[in-house]
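Please arrange chain B on chain A, whose structure you already have, making use of the hints.
In order, the protein sequence lines correspond to chains A and B.
Residues in the first sequence are numbered from 971 upward in steps of one, following my numbering.
Residues in the second sequence are numbered from 5 upward in steps of one, following my numbering.
FYI, nobody ran anything at the bench for these hints, they're computed from the structure.
Using N, Cα and C, we set each Cβ at its ideal position, and we do this for glycine too.
Treat the hints loosely; a few may be bogus.
[What the hints assert, rightly or not] As a list, the in silico BS3-like pairs of lysine-lysine whose alpha-carbon atoms are at most 25 Å apart: (1) Lys1105(A) - Lys1082(A); (2) Lys1043(A) - Lys41(B); (3) Lys111(B) - Lys94(B); (4) Lys1082(A) - Lys1043(A); (5) Lys1011(A) - Lys1082(A); (6) Lys124(B) - Lys1018(A); (7) Lys111(B) - Lys90(B); (8) Lys1011(A) - Lys1128(A); (9) Lys31(B) - Lys1011(A); (10) Lys1128(A) - Lys111(B); (11) Lys111(B) - Lys1105(A); (12) Lys90(B) - Lys1105(A); (13) Lys1062(A) - Lys1016(A); (14) Lys1088(A) - Lys1062(A); (15) Lys7(B) - Lys111(B); (16) Lys1128(A) - Lys1018(A); (17) Lys1018(A) - Lys31(B); (18) Lys1105(A) - Lys94(B); (19) Lys1062(A) - Lys1128(A); (20) Lys1105(A) - Lys1088(A); (21) Lys1016(A) - Lys1128(A); (22) Lys124(B) - Lys41(B); (23) Lys1128(A) - Lys1082(A); (24) Lys1128(A) - Lys1088(A); (25) Lys41(B) - Lys31(B); (26) Lys1088(A) - Lys1011(A); (27) Lys90(B) - Lys58(B); (28) Lys41(B) - Lys1011(A); (29) Lys41(B) - Lys1105(A); (30) Lys111(B) - Lys1097(A); (31) Lys1016(A) - Lys31(B).
[As the list claims (entries may be wrong)] Ranges of calculated distance between the beta carbons of each label pair, as one might list FRET restraints: (32) Arg84(B) - Val1005(A): 21 to 27 Å; (33) Lys124(B) - Ser982(A): 20 to 26 Å; (34) Lys7(B) - Asp1004(A): 53 to 59 Å; (35) Asp56(B) - Val996(A): 36 to 42 Å; (36) Glu1020(A) - Leu14(B): 20 to 26 Å; (37) Glu1079(A) - Asp56(B): 44 to 50 Å; (38) Lys1088(A) - Ile83(B): 31 to 37 Å; (39) Asn1132(A) - Lys94(B): 26 to 32 Å; (40) Pro1091(A) - Arg84(B): 42 to 48 Å.
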Amino acid sequence: MIKSKKLSEILSSIETQDEIIDFLFVFSGQLNEDVVATAVKLIERKLKMEMHSPTTITRTKIISTEILQNITKHQMENKDLLPYYFLASTDKGLVIYAGNAISDSGKTEIEKQLGLYKSYPAEEMRKIYLNALSKSIVDSNGNAGLGLLDIAYRSGQKFNYNFSPAANNAYLFDLNVWITK
Amino acid sequence: MEKIIIEGSLNTPEITIHSNPNYITIKGVCAPENPKKFFSEFIHQVEFLIADVKPLEITIHLDYFNTGSSRSLLDFLLIRANDAFKNITKVHWIVEGGDDDLFEAGKMLEELSGLPFHFKEI
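Excised from the complex, chain A in its bound form (with noise of 0.2 Å):
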């Protein structure tokens, strides 16, 4: 029983929108370090039972790391927005949503990033990843600024976002990625 009505109207509104056959691991709750790894095992988990290639395993996982260590670095606390995430399969191969609550300069930042990495050519995300790769630099709390660019490149640019208004200035930052066959 979803008890967060937001949660619920997240479910149903993804339900109708996309064509999906299963949903294969669904969290919402604050995250932490071991939370992320374990949901990421289980996620491994779910996709080899499911018979998914390596690339498509190693894929999600990857991309899943980034989704939840951002909302685990980045999350606002607010009880009516919590956290999500939600992986499904669908007749192309997966998808996830996510999405947790963030504030107004967060949300200038992320749309900005986003919006930049979507209008990348295709032919030119490698180069691109492999350019911001070799700049890089990690910073003391263990960011590299380069998890939204590796969520772009490796699912082909095949992400949509959102940003809803909510209380207290913040948004909620709504994010679905394919990960196609």
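Same frame as chain A, but now just chain B:
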């Protein structure tokens, strides 16, 4: 001959550091929340055990990684300042057969590090 084994965890790899012959093996998940801290401690252990310029071979067999670890791994492969890292003769990059993403990650590290990589599918 001396050996240090750093136990793996849910999000960090098991690491074996071996001196005389010099080799390092990194195996498992590499996605700590703070890769910089994790790699810094690991490099410190390497410098403690390996203090000569004899050939060093590195074997990397990752399950998956995060972007911070990818960059930290590159930083590790680019170290030339200490004797332990002056003579890296080969990097063995091991992937599961058909895993294009991990294979490609190795190709990128090969390009950026300039080190000789040997790719093996298991």
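Cross-check of the supplied hints:
1. Lys1105(A) - Lys1082(A): 19 Å, holds
2. Lys1043(A) - Lys41(B): 16 Å, holds
3. Lys111(B) - Lys94(B): 14 Å, holds
4. Lys1082(A) - Lys1043(A): 19 Å, holds
5. Lys1011(A) - Lys1082(A): 32 Å, violated
6. Lys124(B) - Lys1018(A): Holds, at about 22 Å.
7. Lys111(B) - Lys90(B): Satisfied, since the Cα-Cα distance of roughly 21 Å is no more than 25 Å.
8. Lys1011(A) - Lys1128(A): Answer holds: Lys1011(A) to Lys1128(A) is near 24 Å, not above 25 Å.
9. Lys31(B) - Lys1011(A): 16 Å, holds
10. Lys1128(A) - Lys111(B): Between Lys1128(A) and Lys111(B) the Cα gap is close to 23 Å, so the pair holds against 25 Å.
11. Lys111(B) - Lys1105(A): Holds, at roughly 17 Å.
12. Lys90(B) - Lys1105(A): Cα-Cα ~22 Å, so holds.
13. Lys1062(A) - Lys1016(A): 18 Å, holds
14. Lys1088(A) - Lys1062(A): Judged against 25 Å, a Cα distance of about 20 Å means the pair holds.
15. Lys7(B) - Lys111(B): Distance of about 29 Å is beyond 25 Å: violated.
16. Lys1128(A) - Lys1018(A): 23 Å, holds
17. Lys1018(A) - Lys31(B): 20 Å, holds
18. Lys1105(A) - Lys94(B): Holds - the C-alpha atoms of Lys94(B) and Lys1105(A) are around 24 Å apart, at most 25 Å.
19. Lys1062(A) - Lys1128(A): Since the Cα atoms of Lys1062(A) and Lys1128(A) sit roughly 12 Å apart, the hinted pair holds (cutoff 25 Å).
20. Lys1105(A) - Lys1088(A): 20 Å, holds
21. Lys1016(A) - Lys1128(A): Answer holds: Lys1016(A) to Lys1128(A) is near 22 Å, not above 25 Å.
22. Lys124(B) - Lys41(B): 29 Å, violated
23. Lys1128(A) - Lys1082(A): Roughly 17 Å separates the two Cα atoms, so the pair holds.
24. Lys1128(A) - Lys1088(A): Since the Cα atoms of Lys1128(A) and Lys1088(A) sit roughly 8 Å apart, the hinted pair holds (cutoff 25 Å).
25. Lys41(B) - Lys31(B): 18 Å, holds
26. Lys1088(A) - Lys1011(A): Cα-Cα ~29 Å, so violated.
27. Lys90(B) - Lys58(B): OK: Lys90(B) and Lys58(B) at ~8 Å, within 25 Å.
28. Lys41(B) - Lys1011(A): At roughly 23 Å apart (the allowed maximum being 25 Å), Lys1011(A) and Lys41(B) satisfy the hint.
29. Lys41(B) - Lys1105(A): Holds. Lys41(B) to Lys1105(A) sits at ~19 Å (cutoff 25 Å).
30. Lys111(B) - Lys1097(A): 13 Å, holds
31. Lys1016(A) - Lys31(B): The hint holds at about 22 Å.
32. Arg84(B) - Val1005(A): 21 to 27 Å: The hinted range 21 to 27 Å is violated for Arg84(B) and Val1005(A), with Cβ atoms some 38 Å apart.
33. Lys124(B) - Ser982(A): 20 to 26 Å: 47 Å, violated
34. Lys7(B) - Asp1004(A): 53 to 59 Å: Check failed, 29 Å falls outside 53 to 59 Å.
35. Asp56(B) - Val996(A): 36 to 42 Å: 53 Å, violated
36. Glu1020(A) - Leu14(B): 20 to 26 Å: 22 Å, holds
37. Glu1079(A) - Asp56(B): 44 to 50 Å: Roughly 46 Å apart at Cβ, these two residues keep to the hinted range, so it holds.
38. Lys1088(A) - Ile83(B): 31 to 37 Å: Distance hint for Lys1088(A), Ile83(B) holds at roughly 36 Å.
39. Asn1132(A) - Lys94(B): 26 to 32 Å: 47 Å, violated
40. Pro1091(A) - Arg84(B): 42 to 48 Å: 35 Å Cβ-Cβ, so the 42 to 48 Å window is violated.
Checked against the numbered hints given earlier, this structure breaks hints 5, 15, 22, 26, 32, 33, 34, 35, 39, 40; the rest are met.
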